[in-house]
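Visitor: One-letter residues, chain by chain:
Protein chains: 4
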Amino acid sequence: MLGYAFMGKAHSNAFRKIAYMTWPPPLMPRLVAIAGRNEEAVRGAAERYGYERWTTDWHDIVSDPGITLFDNGGPNAVHAEPTIAAAQAGKHVVCEKPLGRDADESYEIWKAVAATGVKHLCAFNYRFVPAVRLARELIDAGELGEIRHFRGRYLQDWGDDPSLDTWRFHADEAGSGALGDLGAHVVDLARYLVGDLASVSALVKTFLPDRQVDDAIEAAVEFENGAVGTIESTRLALGRRNAFQWEINGSKGSLAFDMERLNELEVFRNGGRTRGFTRVLVSEADHPFWEFWWPPGHIIGWGDTFVNELHHLLRAIADDSEVAPHGATFEDGYRAAEVCDAIVRSGESGKREQLSYRS
Amino acid sequence: MLGYAFMGKAHSNAFRKIAYMTWPPPLMPRLVAIAGRNEEAVRGAAERYGYERWTTDWHDIVSDPGITLFDNGGPNAVHAEPTIAAAQAGKHVVCEKPLGRDADESYEIWKAVAATGVKHLCAFNYRFVPAVRLARELIDAGELGEIRHFRGRYLQDWGDDPSLDTWRFHADEAGSGALGDLGAHVVDLARYLVGDLASVSALVKTFLPDRQVDDAIEAAVEFENGAVGTIESTRLALGRRNAFQWEINGSKGSLAFDMERLNELEVFRNGGRTRGFTRVLVSEADHPFWEFWWPPGHIIGWGDTFVNELHHLLRAIADDSEVAPHGATFEDGYRAAEVCDAIVRSGESGKREQLSYRS
Amino acid sequence: MLGYAFMGKAHSNAFRKIAYMTWPPPLMPRLVAIAGRNEEAVRGAAERYGYERWTTDWHDIVSDPGITLFDNGGPNAVHAEPTIAAAQAGKHVVCEKPLGRDADESYEIWKAVAATGVKHLCAFNYRFVPAVRLARELIDAGELGEIRHFRGRYLQDWGDDPSLDTWRFHADEAGSGALGDLGAHVVDLARYLVGDLASVSALVKTFLPDRQVDDAIEAAVEFENGAVGTIESTRLALGRRNAFQWEINGSKGSLAFDMERLNELEVFRNGGRTRGFTRVLVSEADHPFWEFWWPPGHIIGWGDTFVNELHHLLRAIADDSEVAPHGATFEDGYRAAEVCDAIVRSGESGKREQLSYRS
Amino acid sequence: MLGYAFMGKAHSNAFRKIAYMTWPPPLMPRLVAIAGRNEEAVRGAAERYGYERWTTDWHDIVSDPGITLFDNGGPNAVHAEPTIAAAQAGKHVVCEKPLGRDADESYEIWKAVAATGVKHLCAFNYRFVPAVRLARELIDAGELGEIRHFRGRYLQDWGDDPSLDTWRFHADEAGSGALGDLGAHVVDLARYLVGDLASVSALVKTFLPDRQVDDAIEAAVEFENGAVGTIESTRLALGRRNAFQWEINGSKGSLAFDMERLNELEVFRNGGRTRGFTRVLVSEADHPFWEFWWPPGHIIGWGDTFVNELHHLLRAIADDSEVAPHGATFEDGYRAAEVCDAIVRSGESGKREQLSYRS
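Protein chains in written order, with the working numbering: chain A, 1 to 359; chain B, 1 to 359; chain C, 1 to 359; chain D, 1 to 359.
Think of the hints as simulated: they come from the structure by calculation, not from any bench.
Since this is a predicted model, take the numbers as computed values, not measurements.
Cβ coordinates follow ideal geometry from the N, Cα and C atoms, glycine included.
Some hints could be false.
One side only, chain B facing chain A, incomplete, derived with CB under 10 Å [said to hold, decoys possible]: (1) D140; (2) A141; (3) L144; (4) R148; (5) T166; (6) G195; (7) S199; (8) A202; (9) G226; (10) A256; (11) E266; (12) R273; (13) R345.
Anything over 12 Å on all C-beta distances counts as not near chain C; from chain B, calculated [said to hold, decoys possible]: (14) R37; (15) G117; (16) R136; (17) R261; (18) E264; (19) L281.
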């Protein structure tokens with residue numbers, strides 16, 4: 001594990017829970033080592049989460065032949081080098097999103113890692129919310145018909161404070177602001193649920209005078225399959241704490257979702273006099289991932305989505321099965337970055353930017 | 001009254017209800033005459049709604065000196081000529097939205113009518129939803145602080161039927177599709193609540209092969225005051241029947257609204273441990289327009305918003321007071337049309353279109 | 001019309017709207033006369049609502065052979081005598097709920113009026129909310145299976161003020177407090193949707209020291225068909241303005257409703273992976289009463305339910321058809337009063353009170 | 001640990017997560033031994049959850065001096081003997097609810113355990129939902145004023161299947177049906193939030209012909225402090241999967257809650273024009289238990305409430321502080337059982353049953 005803060009906690013918790021919540025686990029996680037820059041902090045994290053050892057130099061992890069999976073939960077600026085090194089050392093790799101700070105860096109990571117043949121997962125964990133997987137399954141089964149619209153927005157509100165200073169506000173460390181932090185999630189689910197994007201017509205906005213990165217992005221988008229819609233993200237939507245909301249309209253039905261109520265999926269399908277949006281509590285025995293959890297109606301939390309996600313990766317490693325399509329690969333990470341870059345370009349050029357993807 | 005269909009019913013009902021729901025009314029409405037092309041239909045409408053006479057030629061109304069208010073509820077293509085003629089004959093005028101089929105026609109109507117000195121109201125009735133007026137009052141009072149975001153979408157779903165054939169699908173009669181029909185409402189409330197728009201980056205989409213007008217529009221927008229957001233409208237969002245939804249985020253609070261629950265306004269303001277969005281049932285004695293209606297909690301319907309609207313116009317006529325800012329004037333109708341035209345241009349050019357308004 | 005206050009306004013508005021919203025109306029309402037005790041007020045009401053004349057003595061109305069329908073919207077204490085007199089004079093009668101101040105008075109009204117052969121409607125208007133009628137139709141069609149539970153509560157909050165003084169707080173004029181005012185509505189819909197009650201185990205509570213009538217009632221109830229549940233009403237539920245909420249659970253489905261969102265019905269039926277409560281916006285062409293109203297999704301208000309109700313009565317008069325089962329007859333008014341009396345008795349005795357109904 | 005099924009999983013998960021989610025934990029949990037009747041199952045559970053050893057005889061655990069905390073997650077019929085034995089062996093004890101199968105058994109357990117001086121917790125885990133604790137804190141701070149109403153219902157729907165056969169349907173093993181399983185939770189939160197009950201007027205209903213235990217209970221209740229309301233529980237409310245819903249009305253405000261959205265608390269307090277119920281997402285740094293979890297808006301799941309609960313117990317053991325008032329002691333378990341017994345008695349007698357509590 002690289003990183004001991006927010007994502008370090010989320011991933012460590014997931015590995016520990018996989019050991020008994022998903023039974024039997026595909027592979028039994030062993031928390032070998034954790035790396036981080038601050039010695040006191042990384043030592044504390046090792047003790048807390050039960051890593052066998054800690055280091056302030058990630059090379060120690062990469063060079064350890066006893067480690068088979070490298071999980072990069074560090075800031076965006078340290079995604080590329082350690083992840084590539086770990087893959088080249090033969091370790092399977094997980095990397096937090098966004099994969100790189102821009103499309104070029106993301107492409108480099110993807111190609112370098114893919115060349116090694118290891119499994120790679122870009123940690124777009126929201127694909128592993130049961131309601132999101134159910135949405136995908138409904139769409140795959142044709143229950144929505146032809147998709148006409150996707151409107152997705154990821155709204156948070158903690159950014160409206162000029163005194164805040166984390167790596168997330170430093171252009172060199174983060175690459176971008178609300179775009180890479182939140183917008184990348186919207187782009188990924190748009191791709192996962194609807195398909196690849198064809199163009200973006202976008203604005204990029206920074207409200208606070210001395211902020212280095214964007215506070216919000218707004219985009220009108222087209223998909224390759226003809227669907228149209230909007231993509232937004234902002235850290236300045238007061239009252240929205242983790243409101244990743246999306247809606248999809250198809251020729252046979254619609255879906256709506258809000259991460260603040262992540263156990264629910266709103267589903268509309270044509271019907272008779274009692275048609276309307278159905279609030280599905282996605283917690284039944286026949287719902288995705290629910291074999292790991294509780295009796296129906298006993299909801300899971302945000303942290304539990306990482307259990308679903310990393311279990312998927314362990315299964316892929318154990319069975320040598322594909323991470324795709326349900327897990328985001330580094331190619332998915334790269335493609336999301338292409339869209340994010342196009343949003344930036346469109347914001348600057350004032351033009352609709354067509355998307356093309358490198359292979 | 002010109003027109004006996006949907007809007008004819010809505011406006012006639014309003015004039016009849018003003019007579020006793022708003023007591024005493026500023027002016028007592030007298031339903032003198034109704035005009036329409038189909039003789040049998042217009043005769044039936046006159047009998048039904050209680051007009052003293054009917055005609056198949058709107059000139060009969062315009063030339064009647066006993067009529068002081070001309071209400072144009074006809075299709076978009078017959079907005080300009082009768083409305084201008086009525087104003088030039090000294091009658092106050094109401095005209096359904098969109099004012100004209102494009103900005104040029106809207107500008108012509110506005111300037112011609114304004115020159116006569118009569119009162120003019122472009123019937124953007126949603127300004128007269130109590131929750132919308134309350135929103136405006138909260139914003140005017142500074143309770144939201146500086147506005148950062150507006151996201152508005154007007155979603156309906158009746159358009160997904162190739163066999164439909166009304167004037168609303170004929171380019172020459174309607175001017176546009178979801179844009180003028182629904183998008184114009186979004187633009188008007190955006191302007192009413194946030195201010196004038198500065199630019200749009202938009203897509204215009206027609207899904208059905210032989211349809212002459214747009215089925216959907218998607219736009220990323222900037223306001224003159226620096227706020228950014230999205231504007232969308234579509235007639236192909238299955239399950240959304242009249243979902244005019246908007247959200248506004250400011251530096252001190254947020255508002256959210258859905259026309260399908262038009263008696264409610266969601267309000268967020270900073271606070272302590274019990275902060276969150278408050279569902280305000282806008283039906284209290286101290287809420288806008290509520291002196292006309294029922295005890296608290298006894299909600300009003302969509303049709304009742306026209307009572308509020310036309311009462312406002314009668315008050316302006318009776319007192320010779322301004323229709324603006326709460327009523328939409330023909331200038332507001334024109335400005336909305338400029339934004340709609342810019343959306344069309346942006347859709348074609350693939351460029352961000354800056355807005356400029358004629359005076 | 002007897003009464004010019006809250007219910008006078010609601011009923012007068014309905015008669016005026018029936019004339020053109022329900023087209024053609026079964027009978028064309030003519031507002032002949034209105035009676036009330038306060039001369040100035042009743043004169044004003046006559047002018048406002050368009051009654052041809054007014055009187056301070058209801059006998060003037062009862063003796064007028066030109067009047068065919070007598071609508072009693074006065075306080076509970078003046079329900080019996082004028083209503084009976086009007087029926088005996090051959091007029092059809094509408095009487096506001098509760099029919100009498102207790103079961104004895106209600107029985108007397110019912111029997112005296114029924115003996116005359118006129119049409120009689122006890123104005124439980126909530127049967128004429130489209131969502132409530134739809135609920136009844138779903139239950140009648142067996143879509144809920146065997147009914148297991150009814151839980152109904154009518155919550156308001158305006159009663160928590162010792163200085164309030166209306167007839168509604170005077171025991172002799174009102175008969176009871178939250179029980180007859182709100183609880184009677186719950187009892188009526190329980191009967192309309194589930195069937196007659198078999199027993200009640202109840203509490204009657206007055207919170208304010210000097211109040212003559214109850215502030216709240218709480219009851220555990222059994223129905224003749226074996227269903228069980230609760231019935232509550234209170235005027236001291238802060239934040240609930242007109243929250244008449246009920247839920248029904250059957251062996252095949254469930255329904256839930258809230259009067260503050262009267263255009264919506266929540267429907268659950270067994271299904272596959274997307275089962276859940278469906279929010280049905282009851283505003284479609286194939287929904288009850290919707291032929292009178294607007295396009296789908298354009299909601300109606302509380303006042304509009306009276307249009308649906310009184311239209312039903314006019315239809316029954318015009319066609320000599322039955323008011324029952326969808327309209328509440330005076331027998332329904334009497335039966336609701338029996339349940340209310342049993343609640344009072346149970347509150348006093350501390351025992352489960354079995355119900356029996358006089359024929 | 002005694003028991004390896006539903007509650008065994010929930011408690012074991014909690015002990016494992018306490019070790020790193022609550023940092024530093026008051027005591028570091030060590031999972032020493034697990035007991036259960038089925039050898040294969042208990043061996044599997046020991047391996048899965050990481051217990052050092054397993055046994056089919058709970059006496060082995062009680063007699064182990066290395067164990068300081070005994071957690072009884074077994075069926076109701078095995079609550080008394082092992083729990084008392086463990087306490088008498090000097091171990092702190094947790095026992096699942098209901099404490100005993102009736103008030104007598106519960107009283108016996110309480111008194112026997114209390115006499116030993118160990119810490120005892122009756123596992124009413126819903127007290128440890130952050131929203132519930134926040135509700136208690138608001139009430140304690142007087143923000144709701146004098147409490148007038150409590151209406152609580154715990155609705156599930158899995159019981160409508162005659163073929164189901166678990167210990168929960170056997171009268172000798174479970175004691176009661178929906179009453180002890182679900183109703184006891186309602187009674188406990190009623191007591192925790194409002195205070196002790198004074199009387200119940202109740203029905204007990206079994207719908208399925210051959211079922212030994214109740215399917216539903218319905219009660220009108222009075223509290224010692226004068227509040228009144230209803231308590232219901234059922235396993236036959238189709239569509240309600242884990243709907244523990246309650247509402248409290250006070251003279252200054254109201255609260256509403258639904259366990260299916262356990263991260264939210266609806267709060268109403270008097271205010272100005274924007275009054276209404278506020279949806280509080282109980283996930284802020286200043287909210288109860290949130291120091292253990294994630295950034296604001298990143299919700300927790302049902303299973304996480306056990307972490308909060310058992311952390312509280314470990315803190316009480318570590319600091320020798322009181323389990324009460326926030327944790328339910330065995331006295332609380334006994335008092336809830338008195339109320340449940342009174343509901344049964346009232347169902348049989350048809351009378352309002354006054355409550356008295358043994359000391």
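Visitor: Could you tell me which of the numbered hints above are not met by this structure, giving the numbers in increasing order?
Guide: 1, 2, 5, 6, 12, 13, 17, 18, 19
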